[in-house]
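Trainee: Taking the numbering used here, the leading residue of the sequence shown gets 4, the next gets one more, and so forth.
Keep in mind that the hints are not guaranteed to be accurate.
Cβ pair distances, simulated, as ranges [said to hold, decoys possible]:
#	residue 1	residue 2	range
1	Val28	Leu59	24 to 34 Å
2	Phe45	Ile178	34 to 44 Å
3	Ala215	Val64	43 to 53 Å
4	Arg77	Thr132	35 to 45 Å
5	Ala35	Arg124	17 to 27 Å
6	Lys48	Met214	34 to 44 Å
7	Ala54	Asp6	17 to 27 Å
8	Ile7	Gln128	52 to 62 Å
9	Leu72	Ile32	13 to 23 Å
The set of hints was computed from the structure by calculation and includes no laboratory data.
Remember, it's a predicted structure, so these values are computed and weren't measured experimentally.
Just so it is clear, CB atoms sit at the ideal spot from N, CA and C, and this is done for glycine as well.
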Amino acid sequence: MFDISPTEWTAILLSLRVATVATLVATPIAVAVAWLLARREFWGKALLDAAIHLPLVLPPVVTGYLLLLTFGRRGAVGAWLAEHLGLVFAFRWTGAALACGIMSFPLLVRPIRLSIEAVDRRLEQAAATLGAAPWQVFLTVTLPLALSGVLAGMVLGFAKALGEFGATITFVSNIPGETQTISSAIYALIQTPDGDAAAMRLVVISVLLAMAALIASEWFARRATLRLHGN
Numbered sequence: 004m005f006d007i008s009p010t011e012w013t014a015i016l017l018s019l020r021v022a023t024v025a026t027l028v029a030t031p032i033a034v035a036v037a038w039l040l041a042r043r044e045f046w047g048k049a050l051l052d053a054a055i056h057l058p059l060v061l062p063p064v065v066t067g068y069l070l071l072l073t074f075g076r077r078g079a080v081g082a083w084l085a086e087h088l089g090l091v092f093a094f095r096w097t098g099a100a101l102a103c104g105i106m107s108f109p110l111l112v113r114p115i116r117l118s119i120e121a122v123d124r125r126l127e128q129a130a131a132t133l134g135a136a137p138w139q140v141f142l143t144v145t146l147p148l149a150l151s152g153v154l155a156g157m158v159l160g161f162a163k164a165l166g167e168f169g170a171t172i173t174f175v176s177n178i179p180g181e182t183q184t185i186s187s188a189i190y191a192l193i194q195t196p197d198g199d200a201a202a203m204r205l206v207v208i209s210v211l212l213a214m215a216a217l218i219a220s221e222w223f224a225r226r227a228t229l230r231l232h233g234n
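Put together the whole structure using the sequences plus the hints.
Mentor: Here you go:
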C-alpha cells in the first residue's frame with residue numbers, strides 16, 4: 004500500500020516544488036496588494052478586490068484557458084516573453100507554478116489584508132512622526148505586527164497550490180516528470196485499470212499534506228490574534 008514508486012515520488016516532489024515556487028513568488032505581490040487595499044482609498048478599489056478574488060469563483064478550467072491564451076507561445080504575453088526573454092510557461096513546470104500562484108493568490112491576500120487592517124495606525128503614525136519614511140514604517144512596524152497573518156496566508160496559499168488541478172492541467176497539460184503534479188497523477192491513475200492502489204497512496208499523501216498546512220495556518224492565525232490582543 005505504501006510502497007511509493009519512483010513515478011509517484013516524482014509527482015510528489017514536483018508538487019512541492021511548484022507549490023513552493025508559486026507561494027514564494029506570489030507572497031511579495033500579495034503583501035503589496037494587501038497593504039494597498041488595507042491602507043489606501045482609491046477609485047476602482049472594489050473592482051480590484053473583485054478581480055483578485057475572481058479565481059475563487061471562476062471555474063478553474065476557465066482560468067487555465069485564459070492563462071493559455073495569455074501566456075501560451077502564441078499568446079499576447081507569452082509570445083513576447085519567449086522571443087525576448089526566452090521564458091516559456093505553457094506545458095512547463097514553470098507554467099504550473101504560475102497557474103498555482105494565480106489560483107492561490109486570493110487566499111494569500113485575504114489573511115494578510117486582515118492582519119494589516121488590525122495593526123494600530125497610531126503606531127505607524129508615531130513612527131512617522133519620529134522621521135521614519137513610509138517604507139521604513141512598513142518594514143519596522145506594520146510588517147512585523149502582521150507577520151503571523153502573512154505566514155498564515157503563505158501556508159494556506161501553499162496548500163491551495165499543492166492541490167490545484169483544473170487550471171494547471173488546462174494550461175500545462177499532464178506531462179510525467181514535467182507538469183504531472185499529485186492531482187494530475189491521481190487523475191491519470193484512476194483512468195487505468197490497475198491504478199487504484201497508487202491513486203490511493205497519493206490521495207493519502209495529499210490529505211496529510213493538506214491537513215498539516217491547514218493546522219499550521221490556523222496556528223499562525225491564532226498567534227496573530229493573540230498578538231493583537233496583547234497576549
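Trainee: Work down the list of hints and note, for each, if the structure agrees.
Mentor: Structure-based check of all given hints:
1. Val28 / Leu59: 24 to 34 Å: With a Cβ separation near 19 Å, Val28 and Leu59 fall outside 24 to 34 Å, so the hint is violated.
2. Phe45 / Ile178: 34 to 44 Å: Given range 34 to 44 Å: holds, Cβ gap about 42 Å.
3. Ala215 / Val64: 43 to 53 Å: Check failed, 28 Å falls outside 43 to 53 Å.
4. Arg77 / Thr132: 35 to 45 Å: violated (54 Å)
5. Ala35 / Arg124: 17 to 27 Å: Since Ala35 and Arg124 have Cβ atoms about 18 Å apart, the given range 17 to 27 Å holds.
6. Lys48 / Met214: 34 to 44 Å: Given a distance of about 35 Å, which is inside 34 to 44 Å, the answer is holds.
7. Ala54 / Asp6: 17 to 27 Å: violated (46 Å)
8. Ile7 / Gln128: 52 to 62 Å: Given range 52 to 62 Å: holds, Cβ gap about 55 Å.
9. Leu72 / Ile32: 13 to 23 Å: At 21 Å between Cβs, range holds.
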